[in-house]
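Novice: What follows is the residue order along each chain.
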Amino acid sequence: AQTVTQSQPEMSVQEAETVTLSCTYDTSESDYYLFWYKQPPSRQMILVIRQEAYKQQNATENRFSVNFQKAAKSFSLKISDSQLGDAAMYFCAYGGSQGNLIFGKGTKLSVKP
Amino acid sequence: DAGITQSPRHKVTETGTPVTLRCHQTENHRYMYWYRQDPGHGLRLIHYSYGVKDTDKGEVSDGYSVSRSKTEDFLLTLESATSSQTSVYFCAISHQLRYNEQFFGPGTRLTVL
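In order, the protein sequences belong to chains A and B.
FYI, in my numbering the residues of the first sequence are 2 to 114.
FYI, in my numbering the residues of the second sequence are 18 to 130.
Calculated from the structure, these hints are not laboratory results.
You may find that some hints are simply not true.
Computed list of lysine-lysine pairs in DSSO-like fashion (alpha-carbon distance at most 27 Å, straight line) [what the hints assert, rightly or not]:
#1 A:Lys109 - A:Lys71
#2 A:Lys74 - A:Lys109
#3 A:Lys56 - A:Lys74
#4 B:Lys28 - A:Lys109
#5 A:Lys74 - A:Lys106
#6 B:Lys74 - B:Lys87
#7 B:Lys28 - A:Lys106
#8 A:Lys106 - B:Lys74
#9 B:Lys28 - B:Lys74
In this text the structure is predicted, and so the values were computed from the model without any measurement.
Isolated chain B (complex conformation) (with noise of 0.2 Å):
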């Protein structure tokens, strides 16, 4: 298994309250991505890094921030937290960036009352 943890695994908060999440890897890959999975909709892409301090957005990117100050960090922050962003959140890295399976941490479940 690809060395990818995901912490906190389970966080329940309010609206308006800022939360970080934060994907660690240990296999030194360069691309790191992160996932929101929701009931009907499979997993759509939120933010993702191509290297330290290089970041863009993806599908679902409003309301969502990211930050990449090493290689083996990626975290991703809701500034303001609604409950439409309860889900349940994955990262997942990958050593290229295009045609190439990406592997996925173990998931963090987000509930905003």
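Chain A with its partners taken away, still in its complex shape (with noise of 0.2 Å):
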């Protein structure tokens, strides 16, 4: 079965600085895809990037940018520029042959004025 893990229960930045965000995955698959999902106080659930485990390039989105390192199972997020408007819980997604998404248990990220 698959796994996913987000070892940083909170984060914090300061407003215009850069952050990393951590996500370790478990799976014997080959192909997938994995998620950053940002969940606001208003509980809404956005996806801020993807990115496809055929796909050797980072994927990128803005401000947001992702260290996709396929042989060490590792997903990281980095968030740049980092605004007061990113304060929120990030979840890392994994989403395989079963067809659900996996998610992890969340980071609270705050950031700082």
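Each of the two chains sits in its own frame; use the hints to bring them together as a complex.
Specialist: This is the structure:
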């Protein structure tokens, strides 16, 4: 069975600085997708970024980028130029052949002004 | 934003009463999911649907049933609510079953007293 681990329950970053959230996963599959979701206090789950396992190039979306290390089964999220609106829970998720997403337990990110 | 609504958004009920949560989508996506979110657990899949009248169990399906009589509606029923079912419930949709991101509704906070 696939598992997703987020080892940092909480993180803090100064506004305008860069922060990296960690995620590791375990799978025996070769084809899969990985995702980062953001959950602000409004509770809405918002897709931040996705990465296809077959792509070597790391995905980027504006200030958000990932460091995907397939052999190490690592998928970290980097947030550059952090903004107050980035404060939220961030969930790493695995999407494979089963169809459902497997979520980590989340990292709570605080942004200090 | 994907057109997904959930009703009710908040509900307080008593142990032993039946409860039905509704998810409605306007995206015509084939696949729909119900997750629950609990502190320290991330999101866990309850049931999912791969078409009208086609459903299957997820990781935490005990005590829940689902129905899908129309493409746009996916109902989650707690036949006899228990305090352990106090949680936030999310509906999600996707247009592919595998290797695909899911889009989430706003969530329903259910409290069972």
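Novice: Could you work out which of the previously given hints the structure breaks and list their numbers from low to high?
Specialist: The structure breaks none of the hints.
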